[in-house]
Each structure stands twice: as C-alpha cells, then as structure tokens.
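Engineer: Fit chain B to the supplied structure of chain A, relying on the hints for placement.
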Amino acid sequence: MNGISKEGQRFLIDLNAYLMTKGVNEKEIKSFIEEAEAHLLEGEAAGKTVVQIFGKNCRTYADELAAEMTVSKKEIVSNVICFLLGATAFWLLGEALKGDVSFSWIVIFGYPAALLLGLALMVNSIRLSSFRSRWKGFSIIYLYAILGFAGFVIVLVADMYWGVPVVQLGGTGTVVTGVAAALMFTSISVYLKSWFMNLFPILYFGPQMLFKLWDLTSPLYQMLQVYISLALIGLAIFIMNKWLGNRPKRQ
Amino acid sequence: MSSSQMLKGILEGCLLAVISEGETYGYEMTEKLARYGFTMVSEGSIYPVLIRMQKDRLVASVLKESDLGPKRKYYRLTEEGLKALDEFIQRWNELSYSVDRLLHNKRFKSNDGKRGG
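Going down the list, the protein sequences come from chains A and B.
For what it's worth, full-length UniProt numbering labels the leading residue of the first sequence as 1, then goes sequentially.
For what it's worth, full-length UniProt numbering labels the leading residue of the second sequence as 1, then goes sequentially.
Pulled out of the complex, with its shape left as it was, chain A reads as follows (with noise of 0.2 Å):
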C-alpha cells in the first residue's frame, strides 16, 4: 500500500475484514482490493479524499459491494472448521501443561458453547468495528474479546466448583495430548498461513505457567492471570495491526 494516505490504507483494510465477515470469496476480496488500492493511488495523487471516491458510507458501499461478490459457503465451512479445531487443540494443550486431562460434562458442553458465542462476537466485532477510528475500533474488539472470554471463564469457574470428572488421563495420556494438540494448532496455522497464530498459545499459556511457577493459584489470580493475558493478546493484535498498516507491498 506504497503510496496510498493512512486513511485511504485503513480503509481498504476494514473493507477487507468487513467482506471477510460476509464471507465473501478471499480471491474476490483480494481481486477488488487490489483494484481498490490503484484507483485510490491515482484518485489522492490528484488531490481527492477517500470520502469523495469511495462515498460517504463506508459501511454502504461496502455492503453494495458484498450484495454483487460471491459468497463462499464452503470457505465459511472450512474457516469455522479450522476455528472449532484452533480453539479445541488450544484448550487440550492448557489442560495437558497443567498436568491433569480431566474432562466433566459441564466443560464438555460449556466449552463448545462458549466458542460458538465467541466466534458469533469476533464476527460481530470485526463488522463493528470497521471504518471507525483506531481507538473505537481497537475499543470495540477489546470490549467483545473480553465479553467472550468471559463465557469461558464463567465455565472454568462453573467447572471448578461443581465439575466431576467423567474422563480422566493419566501421565503418559496427558503427555500424548498435549502434543497432539501443539501439533493439531501449528497444522492449522500453516493451512491458514498465519504464523502469528502460534504466538497465541506463547501468550495466554505464558502468564499461566508464570503464575503456577510463583504459586499464585487461588480463583482470584487465575482471574487475573486470564486478563493478563487477554492483554498481551490485544498488545499483540494492536503491534499486528499497526505493522500491517505500516508493511510496504509486496511486489
């Protein structure tokens, strides 16, 4: 995006996002932003705005835009997949570094409920939070980020006071696990050529581990260690963002 003001690559970045919610075909959303970006280029090296090319709306025109592209059933299918899968070998790999796979009926059902509400808020979130400002929009992504995580921390306290354990692993089954997991999520991050999405399991098992080290491991700090690591996550995706608005084209 050499060139182009950081008003016109915010927007061709939020109108990226805002298709990929629609589940609009990726090639589609690459092919139209690429055109995007030449018409931008040309349209600001002759003085005009982004708001007098592409319209006051962002939101309409985006939504015009989505009403004539393609919608990829089968991506969607394939991303939640990866995104159910993702979260289920994140979770094992959090049971096996505690050292105990143990599973009761309410994480059986509280965890896939809470990851199918927190995928239907990330959805919402990113829709939201485009094309408004760096701050509202990174404000929104954190409020709704926190909002699902607390489903899951609704459900790991839940399970912690009334959970029985219907299944249990013992060393070498925990060990197994833990390692199948790590490799279930680098699989998926190599499918989704997301390398930044190994940094994840770094940053949220990082401060549990860290905790567990210094023996702080009371509700309360467990509590905490959860939204410490939640901000590290959002510093993550914050520099993320940043860097990606910052990186030069890629001839």
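Since the hints were made in silico from the structure, they are not lab data.
In this text the structure is predicted, and so the values were computed from the model without any measurement.
Keep in mind that a hint or two might mislead.
Straight line, CA to CA, 25 Å or less: simulated SDA-like cross-link-like pairs of lysine to any residue [what the hints assert, rightly or not]: (1) A:Lys212 / A:Val179; (2) B:Lys71 / A:Ser5; (3) A:Lys48 / B:Glu65; (4) B:Lys64 / A:Ala46; (5) B:Lys55 / B:Phe88; (6) A:Lys56 / A:Asn241.
Label pairs and their calculated CB-CB ranges [stated by the list, open to error]: (7) A:Val71 / B:Met40: 28 to 34 Å; (8) B:Ser66 / A:Gly173: 56 to 62 Å; (9) B:Lys83 / A:Thr186: 50 to 56 Å; (10) A:Leu117 / B:Gly22: 51 to 57 Å; (11) A:Asn79 / B:Ser66: 31 to 37 Å.
Cβ coordinates follow ideal geometry from the N, Cα and C atoms, glycine included.
Structural biologist: What follows is chain B alone, placed relative to chain A:
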C-alpha cells in the same frame, strides 16, 4: 424505483458505452464519466456495477502492469456486452424521447398557466 437504483441502471449502460470506446480501467472510466458531467455518483460506485457486469459476462478483464505501482485491471466488452449496449441505447432513446415529450408538454402547460395568471 429510488433515484439511486435508477442511476445504477443508467450507470451500467454508461459504463458499457465508455468501455466500448476501448480497453480501459476503473480510474480512467471515472475520469471519462466526469468529463461527460456524470458527477452525481461517487467514483467507487462503478465497482459494484463492474463486478455484476463481469459476472453477467458483459465485460472481461485482464491485469496489466502500471508505472504507478499496483497492477491495473483493464476491462473490455464481450459479445454479450455489445448486445447489452445496443439494447441500452435503444431503451434509452425510447425512454428519453417519451420523457422529453412529456416534460416538454408539462413545461408548456406550466408556462401557459403562469402567463394566464
């Protein structure tokens, strides 16, 4: 029909006419449209129409290098596009003829009314 829907229909016909003049890309199309006084819609509004036209196989596109940086997507009319342009010209002539006559009579009566009052 809202005025924006009507404009989109007209915009499609006008884009067919602009592309029929020779292979062209998005920004160039908007400049040509502006030269003809077509400034009532934003430049970006040509793209949803172009996407639909390409899906309907009225236009075909090819990417070409540009000195400015990103590749440009050049459009050209297909056989179906040429037919669609002919149909648009015919429909437009009929419509504009009828509307012109109607409005001309209206203006005439309105001027008469003013004179009579």
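Engineer: Evaluate each hint against the coordinates.
Structural biologist: Each hint tested on the structure:
A threshold of 25 Å between alpha carbons decides the hint, and for Lys212 of chain A with Val179 of chain A the separation of about 20 Å falls inside it, so the pair holds. Among the hinted pairs, Lys71 of chain B with Ser5 of chain A is consistent with the structure: their alpha-carbon atoms are about 18 Å apart, no more than 25 Å. Between Lys48 of chain A and Glu65 of chain B the alpha-carbon distance is near 23 Å, which keeps this suggested pair within the 25 Å criterion. At roughly 21 Å between alpha-carbon atoms, Lys64 of chain B and Ala46 of chain A fall within 25 Å of each other, so this suggested pair holds.
For the hint linking Lys55 of chain B to Phe88 of chain B, the alpha-carbon distance of about 18 Å falls within 25 Å, and the restraint holds. A distance of roughly 24 Å separates the Cα atoms of Lys56 of chain A and Asn241 of chain A; the hinted pair therefore holds under the 25 Å criterion. Taking the beta carbon of each, Val71 of chain A and Met40 of chain B are about 30 Å apart, inside 28 to 34 Å as hinted. Checking the proposed 56 to 62 Å range against Ser66 of chain B and Gly173 of chain A shows it holds: the Cβ atoms sit about 59 Å from each other.
Hint check: Lys83 of chain B to Thr186 of chain A, Cβ distance near 54 Å, so the stated range 50 to 56 Å holds. In this structure the supplied range 51 to 57 Å holds for Leu117 of chain A paired with Gly22 of chain B, their Cβ-Cβ distance being about 54 Å. Look at Asn79 of chain A against Ser66 of chain B: about 33 Å separates their beta carbons, and that is inside 31 to 37 Å.
Of the numbered hints given earlier, the model fails none.
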